[in-house]
Amino acid sequence: MHKVYLDYQATTPCDPRVVEKMLPYFSEKFGNPHSRNHSFGWEAEEAVEKARTQIAHLINADPKEIIFTSGATESNNLALRGVAGFYGHKKNHIITSVIEHKCILDTCRHLQEQGFKITYLPVSNNGLVNHEDVKNAIKDATCLVSIMAVNNEIGVIQPISEIGKICREYGVFFHTDAAQAIGKMHVDVKAMEIDLMSISSHKIYGPKGIGVLYVSRKPRVRLNAMITGGGQERGMRSGTLAPMLCVGFGEACVLAQQNMSKEIEQLKALTARFYEGITSQLDDVYLNGDNGKRIPGNLNFSFAYVEGEGLMMSMKDLCVSSGSACTSASLEPSYVLRAIGVGEDLAHTSIRFGLGRFTTQEEVDYAIKRVVESVRKLRAMSPLYDMAKAGIDIKSIQWAAH
Amino acid sequence: MLKIKVQDNTKKIYCDLNATRPLHPEVKKEMVAAFDNIGNPSSVHMHGRKMRDLVEKSRRCIADLLKLDTDRLVFCSGATEANNLILLSFDGPVIVSAIEHSSVLHVRGDAQICSVNKDGIVCLDHLERLLKECSQKALVCIMAANNETGIIQPIDEIAALVHLYGGFFHCDTVQAVGRMPVCWRAIDSFSISAHKLGGPFGVGILGINPHIPLYFPFRGGGQERSLRPGTENVWGIIGMAKAMEVAFAEEWKTTEERRDWLEYYITTLCPEVVIVGRDVARLPNTSMISMPNIDNTQQLIQFDLNGISISTGSACSSGKISKSFVLKAMQVDPRVARGCVRISLGISTSQEDVQFLANTWYKIHTRNNEQKNQESA
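For the record, the sequence lines run as chains Y and S. Residue numbering for the first sequence follows this note's numbering, beginning at 1273 and increasing consecutively. Residue numbering for the second sequence follows this note's numbering, beginning at 161 and increasing consecutively.
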């Protein structure tokens, strides 16, 4: 058996159909989309605009509301800093949650240093933000609420429509980081009353290095640009656009739209099979995040008495991660898991399994087999597991200092 | 109405290299080969590590070409971002030349503008005055070669002057890389764009000297040593490294001869023509030529009908085409500026292409004159 890739929340392989659409832009269609003086430029511009329409179509936006960026990290930075920069002198309060992606949390911290007030909403043990909390946190000075649509580690889906409704009612802009949501659930920026939304191409089987910030025109959201220069993207984001990346992203959106319902069903079945396979054969396994309100394709398990890194090492042919890719090199337990009340001991034992478009049933069965074997093997060597099985409460043990 | 016979459009001549350069076939090959690798370079598993490896190998390759340490190179989405990053990260006085690209010129509202002389070269006296006025160490941003005129700045002299006053020198080398020698060690910071040298769009480099006090503005997952977060554009980075490798091995002598021949041919046929920066050092492929008595936009239409793609200046600011702030800063007569087109030859532009270009130029010129004469008669 070759390697099994189960890290679809970190990144997805670029779909071959996407690559095919990109290829002409690697050779004969090489123009700069901002060259207005010749057909090479026009051809590139046309391709970029077509892609913009395809992306807009997927989320029910107007193409004019789509701003290309280098990825979701930049989109998130732009949404927060852009709104803070433009409206900050009048309104300096931002609401977010404790389980946002690192780029949101760090940007908020940076804004805090600049004098902004940030409210970090807690989440319940199932990982969900309570929309009533959002309502209660809104003040006169609130300019923005930023709550992610789907969490990258535990896959839970936040009550976006409810939050959108509240924000619209109170006249506060609502930004959502939808990098993990697009293609896995139906997202409609109009129906969900979203004002700003970040999307990443490489999470939906498109190329890396491109993303989008949706910026609503009705109601009109204004932003201070972070990157200035030639004034591309309606002045909100300067820099030459990359036609091949735009085209790839556009095609990825078309494929997502065409296959979404089928893919969701398929992933639901595979995920259920995986869940069943693991939980029926192993005891003391906990699913992190709400069991129902999560995207198909994400399972974040804690395997009690097993060290997560050790588990990953003992099943090297499964490509999984212990959390977000960005922070996966550090051994710190995940802040997301801590926020949902997973104890430090269990947080260290957690693994994120990400299933996607190209995951097969054979791969799932193989993965189940490998996980079960590995966990059993590691537990057989674990004194903690023996003690627990003998009825000793591990938490009550006073460890001697070394 | 101008009547010019439309050329068979199957043959297209692209002479707008300074806007973007076609992807080099070698680069395409390298990128396509990388398509089989999947994964996020930040992931610790085997797929992720392979991607990390590809990114770091590319960084190594570029660092070797520039003879710099790898930790000086920060990958980002392009030169516009690179220029923005350095300017936004620097907390102190900033001096920029009047002919900088818009991604340098308009980033900092508090920037002091250093003038250029009639030859398009930065006035060192003015620069020195501005440096003297700064109470703190200043960041000076001057491009190596101008995108519109191709005029080359005396980089070493500027670097020496800036360092004399304890300042830092950022050089936009977008148009210079591969087309002229650059002493990378003399400059503290630089920006490079992949798509201007035969690499893909959407990727660039900010080169930085660790001694510059910088406070980077973007936050995220800690990629690029936290200086520029965001999942790396791995294919783009691979393509950029290959493009630089190819570009550094290229020889522009023949192109320069063809450019010089083009200018010689045109000036011989039409002595009153003005060629911007002809007497000073320029990029080997760039020629800014002013045709008397006809607007550049009119010329472009005629060139395009003949299958020749050129431009009036920077692609970014098209739309406002007829007004070049670069020419204005050089105090070029507005009548001359109105007739200026930028021809930027590619390395594979043949003598035949250049000949056709020269003939087309002359044809447009004579038809226009005939028409003017008929009108006045």
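Worth double-checking, as some hints may not be accurate.
[Stated by the list, open to error] With a straight-line cut-off of 35 angstroms between C-alpha atoms, the simulated DSBU-like cross-links for lysine-lysine are:
hint, chain 1, residue 1, chain 2, residue 2
1, S, K292, S, K488
2, S, K292, Y, K1301
3, Y, K1363, Y, K1293
4, S, K297, Y, K1301
5, Y, K1301, Y, K1649
6, Y, K1275, S, K189
7, S, K171, Y, K1534
8, S, K488, Y, K1293
9, Y, K1301, S, K532
10, Y, K1588, Y, K1534
11, Y, K1301, S, K483
12, Y, K1411, S, K171
13, S, K297, Y, K1462
14, Y, K1336, Y, K1534
15, S, K483, S, K189
16, Y, K1322, S, K297
17, S, K210, Y, K1389
18, Y, K1363, Y, K1534
19, S, K210, Y, K1374
20, Y, K1389, Y, K1363
No lab work stands behind these hints, which were simulated from the structure alone.
Checklist line | Violated hints - listed by number, lowest first | finding: 2, 3, 4, 5, 7, 8, 9, 12, 13, 15, 16, 17, 18
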